[in-house]
Amino acid sequence: MNTTVAAGAPDGPGSVVRLDGVGLSYGKTRALDAITLDLPSGCTIGLIGPDGVGKSSLLALIAGAREIQQGSVHVLGGDMASSRHRRNVCPDIAYMPQGLGKNLYPTLSVFENIDFFGRLFGHDTAERSRRIAGLLRDTGLTPFADRPAEKLSGGMKQKVGLCCALIHDPELLILDEPTTGVDPLSRRQFWELIASIRSGRPGMSVIVSTAYMEEAAQFDFLIAMNAGRVLATGTPAELKQRTGADTLDDAFIRLLPETDRGNHTSVVIPPRDADHDEIAIEADHLTRRFNDFVAVDDVSFRIRKGEIFGFLGSNGCGKTTTMKMLTGLLPVSEGNARLFGKAIDAGDMSVRQRIGYMSQGFSLYSELTVTQNLDLHARLFDLPAQTIDARIDEMIARFDLTDVTDALPDALPLGLRQRLSLAVAMIHSPDILILDEPTSGVDPIARDHFWQILAELSRKDNVTIFVSTHFMNEAERCDRISLMHAGRVLISDAPAAIIAKRGAATLEQAFIGYLEDAIGGDKNASPQAAIAPPAARPKRTRSAVFNLRRMLAYTRREALELRRDPIRATLAILGSVLLLFVLGYGISMDVEDLTFAVLDRDDTAISRDYSLQIAGSRYFTEKAPIKDYADLDRRMRKGEISLAIELPPGFGRDVSRGRHVEIGAWVDGANPTRAETLRSYAQAIHATWLAQKGRELYGEAAIAGSYQLALRYRYNPDVRSVVAMAPGIIPLLLIMIPAVLAALAVVREKELGSIVNFYVTPVTRLEFLLGMQLPYVVLAFANFLLLVAFALTVFGVPFAGSFLTYAVAALLYVTATTAIGLVISTFMNSQIAALFGTVLITLIPAIQYSGLIDPVSSLQGVGKMIGLVYPTSYFVTISRGTFSKGLGFATLHNDLLALAVMIPVLLATSALLLKKQAR
Amino acid sequence: MRLGNLIQLGIKELRGLARDPMLLVLIAYSFTLAVYEGANTLPETLNRAAIAIVDEDHSPVSTRIAMAFTDPYFSTPRLISQYEMDRRMDAGLDTFALDIPPDFQRDLLARKAPSIQLNVDATRISQAFNGSGYVEQIVGAEIAEFLARTREAQTPPIDLALRARFNPELKRSWFGAVDHLIMSITMLSIILTGAALIREREHGTIEHLLVMPVTPLEIMVSKVWSMGAVVLVASTLSITFVVKGWLAVTIDGSVALFLLGAALHLFATTSMGIFLATVAGSMPQFGLLLIMILLPLQTLSGSMTPRESMPQFVQDIMLAAPNTHFVLLAQAILFRGAGLEAVWPQLLALTLIGVVFFLIALRRFRDFLA
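Those protein sequences? They're chains A and B, same order as listed. First residue of the first sequence: 1, per the working numbering; consecutive thereafter. First residue of the second sequence: 1, per the working numbering; consecutive thereafter.
Accuracy of the hints is not assured; some may be wrong.
[As the list claims (entries may be wrong)] Derived lysine-lysine pairs resembling DSSO-like cross-links, with alpha carbons at most 30 angstroms apart: (1) A:K915 x A:K750; (2) B:K171 x A:K623; (3) A:K102 x A:K750; (4) B:K171 x A:K864; (5) A:K501 x A:K305; (6) A:K623 x A:K638; (7) B:K171 x A:K638; (8) A:K693 x B:K112; (9) A:K916 x A:K28; (10) B:K244 x A:K638; (11) A:K750 x A:K693.
[Stated by the list, open to error] Here chain B is said to cover these stretches of chain A; the calculated rule only asks that three of the stretch's residues, wherever they fall, bring their Cβ under 8 angstroms from a Cβ of chain B: (12) 178–191; (13) 835–841.
[Unchecked claim] Label-pair distances were calculated between CB atoms; the ranges are: (14) A:E67 x B:R15: 48 to 58 angstroms; (15) A:A518 x B:T351: 54 to 64 angstroms; (16) B:W246 x A:D400: 51 to 61 angstroms; (17) B:R15 x A:M865: 40 to 50 angstroms; (18) A:Y26 x B:R78: 57 to 67 angstroms; (19) A:M865 x B:R106: 41 to 51 angstroms; (20) B:I360 x A:A691: 38 to 48 angstroms; (21) B:R366 x A:E150: 18 to 28 angstroms; (22) A:G658 x B:W344: 27 to 37 angstroms; (23) A:L612 x B:D252: 44 to 54 angstroms; (24) A:E67 x B:R78: 51 to 61 angstroms; (25) A:L612 x B:T63: 39 to 49 angstroms.
Because the hints were derived from the structure by calculation, they are not lab data. All of these numbers come straight from a predicted model, not from anything done at the bench. Where a beta carbon is used, it is the ideal one built from N, C-alpha and C, also for glycine.
Kindly produce the complete structure, drawing on both the sequences and the hints.
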């Protein structure tokens, strides 16, 4: 049996993806288990199922973004385990990961984002501008081309993501929950866009995962997944027919195994008693501005006590802001809000006692257990101490948390966590619950369970519930809903009434109708009828080993991002100068202006002469004479004087007579380094004085038998600290900061998720690494020039040697040090670890073993070995050689050569360690 | 401000910290091993310094001098030619080169006062000055001994009895240990409070707190007291068991007074942690800020090198930093046994700086929450 034939066998006609026995584990968690599937080509395939069932993992495997652990994955006629096949097909696959704008760069504009992808796929300038213009026009994004991606609404982000995915005309489009968190209109536009693209390119296959069953109903083929396994496959009609359900939601619930379904029942909300007409929440022309941006614009509504009031709208339409104003979290810019007729004052604590609030996303303390969370909130709401335990038990029982009281929230499934959040929000028995998208990401069964609780709270306990949601079936359960768009309320009424008023078939259609009216004349925002089909399939530069344009795409992008990140940019540009300043002044070995005082018990001409000798030295500053021992003790303890001299009574007389005299001297030993210096200064001054006295007393005989030690301080005749420090610190700074920045650049991509663009585009490892490195090499070199200029001007360090040699060496050195950052980045996954790790890894050898203190030649053992291979050793020699010793290329060429050799070695190491797929 | 809330929120912070293994390891390390290492790895100014000797005399005296340089201060001298000397010094291979001229011994005995040349690579500043002092002493001693038989009175018999106070043997480990303890206190207090705020922000819990009947002031005070307390307890343990116990450093002054100073210092630094966290927003950005803030703070505070050798304007600016006063206070109390009468100006300064920092941070924190 020839394995090549088996692996390379053509897939069945019309099969775009074939999975066989695919399994995947993250540590102990089994994400996928024995998945075997055959996906037809040329159609839209939906992957349905709640969060965390393995949909994203499966899509990442198909896209080639994740390494295959078990089984085989065949995509577009080849095995995705083969890196050659992946390289060949990646220009034909487009992958949009989960999360709004996950693979976009937030500070880059819409145009810059799409342009980056165009460059990665090797399009030239003309080609890119043609394609980008077309994509922007078709998606209605043209007016927003210059807006940074982070300032877009969720729907727009997803459209930009789609543009990025489509720029290279893929045959297979993989979309991971592209519409989660997007408003219905944007969602519809998104799917219209996909449909028009598909009509232009009928051969294209689309695989998409979604949590919205309404959407899934429109797809050609569905795969229902749960707990890492496939539950069923088939067309939507087939699935409904097989389970005998009316809706896909129900069909999915019925497909679940009995144990997962639990005692699921449909949510039934009894009608409200009409006699509660007390107004619980009242918003009256509420407006909120952030600078010149109007987040909420003239919103008014009234919510009656016990009512369930729903808020619908896209991300960023002002729902959350409105809710925050009602809770008193945000002050109101205009208008007013009242709870039970009482105006809300942002500082008023009594309002908060009446409100329970669940913010968007899970926001409980993950470091506290379920009981501890409840307890903390009970105490903060100032519940009477004796009732707290009872209340917690009650909440635990009511919200079905009995089994998990000691668990940490992170260990719980999402549905349970949401119930815990609700229990926390209810702990102080508020009259009003404000819930901001409480069910996003929760599976249908848990959502129903959650709504059942809400229904009870509203109907039995008469709690007023103000809830925002993206799900239409949840909106339909509300007594009344408001549709919001761009800070304004479009309509506010009972769901049935809204549908009737609009004459629409479903609430979703009614909502879309209102949204379209609101957007009105703004034709740019709605998609064009048909997307222009690509003129001709472009010629592709098939994965050359090294492509300069792809590399520069990364360089350009990294430079743009850095420019827009104030903290990183400051560190990159000014960090090294700041540190040179600090270290140059801070680590000074010059000991000057040392304070001393004299306890002169003799007070004769000779004793005063002795004091004057010290005071005359430039190192010492004389303080007021010491009165007695107590004074000496007190002033030394305070640190006022560092050296105390006691001249004994009869000092002058004894000296004149040549009798033995002892002068007492005390130095402050608190700082031993300084004390040693002090001591040697004092001794030197004493010796000079002695020699002088000797000549006075004994004449020329004094020099008999003596010798002279001629001290030559080379390279730095004044022995100034800064002159010596600056050429030593520059190499230190040029390794630490550039390495940190280069490491952060790569690790940041990993942490934020945009590394996936490297996984699924044709960019090679070397292109990626060099592209990321280049801006930092340029920056570091600019830093080098700045540092030298600073040393020459501010510190006044003379430069004696060949600057050209120094500059060439610096360029080689910073290339090597940024490459060290890249090597470190390959085994770091979080930015904070990369940051401190890189500082430690680079600084210790640089300070200890690179000849900064002791020459490498005098080191021993491991220290010497590190010193010999570490670039800083060579650059320190060059730096001191050119700066202070007046050397040039002739003497230093070997050190330059050593630096040059390290660069390819380091780059090759990082390229080998970098993974082209997620593990 | 309700005391109950402060306690509850503070306990919550402590529980949160207890579940963060990375930070716990960092605390444990900073107050034990880092202090111990700080005590033992502070480099001696002269440690196996590289010295070369150009012996053009080849006499008993010159040999004697060459033999006198030994471990631990000097590495075994390399005997080189005069031609080699310049080259080797240029290449940075030797820090000291001693050139003994021809006929040195003869001239010495003939009372011609010959001269020896000592070349010092002054780019290695840390060794240049003290090192040349040692070389001078060693050479002087050897020659004196050689001349002992012909020795006669040359200088008046006046001795300088030099004693070091507070640390008579000038043990570096004492200084290093306390220096590192001070550094750990500053670093940890900023990191812990900063991380506590960023953790809340990243988890979205800060918003949650605000809908409850708690004020921003309460939230901030609870972080300040809880994280400050952790650092204070860790410092107490560290000074008792690591500094006094393990490293056997003699502490003259009152530890309680030092801890009072530390508490005031923490008031300022924890506020700084809050401030930086509101500026940074995410952990990585916080880390970058920390590098740019901590290094100057510690280097220029006078803990490593004395303040008086810094330019006046740096000294003046650094008066606004709590570290400067804390370092002065800590060194005065722990090394020199100073009491309240000596350190009250520092205590006062720390209180003032703490209040100002706290108010600035509170203001910033309120804006940040809005």
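Outcome of the hint check:
no.	hint	result
1	A:K915 x A:K750	11 angstroms, holds
2	B:K171 x A:K623	27 angstroms, holds
3	A:K102 x A:K750	12 angstroms, holds
4	B:K171 x A:K864	27 angstroms, holds
5	A:K501 x A:K305	25 angstroms, holds
6	A:K623 x A:K638	14 angstroms, holds
7	B:K171 x A:K638	20 angstroms, holds
8	A:K693 x B:K112	21 angstroms, holds
9	A:K916 x A:K28	24 angstroms, holds
10	B:K244 x A:K638	22 angstroms, holds
11	A:K750 x A:K693	74 angstroms, violated
12	178–191	violated (count 0)
13	835–841	holds (count 3)
14	A:E67 x B:R15: 48 to 58 angstroms	38 angstroms, violated
15	A:A518 x B:T351: 54 to 64 angstroms	58 angstroms, holds
16	B:W246 x A:D400: 51 to 61 angstroms	53 angstroms, holds
17	B:R15 x A:M865: 40 to 50 angstroms	46 angstroms, holds
18	A:Y26 x B:R78: 57 to 67 angstroms	59 angstroms, holds
19	A:M865 x B:R106: 41 to 51 angstroms	46 angstroms, holds
20	B:I360 x A:A691: 38 to 48 angstroms	58 angstroms, violated
21	B:R366 x A:E150: 18 to 28 angstroms	25 angstroms, holds
22	A:G658 x B:W344: 27 to 37 angstroms	49 angstroms, violated
23	A:L612 x B:D252: 44 to 54 angstroms	33 angstroms, violated
24	A:E67 x B:R78: 51 to 61 angstroms	55 angstroms, holds
25	A:L612 x B:T63: 39 to 49 angstroms	42 angstroms, holds
Hints 11, 12, 14, 20, 22 and 23, counting from the list given before, are not met by this structure.
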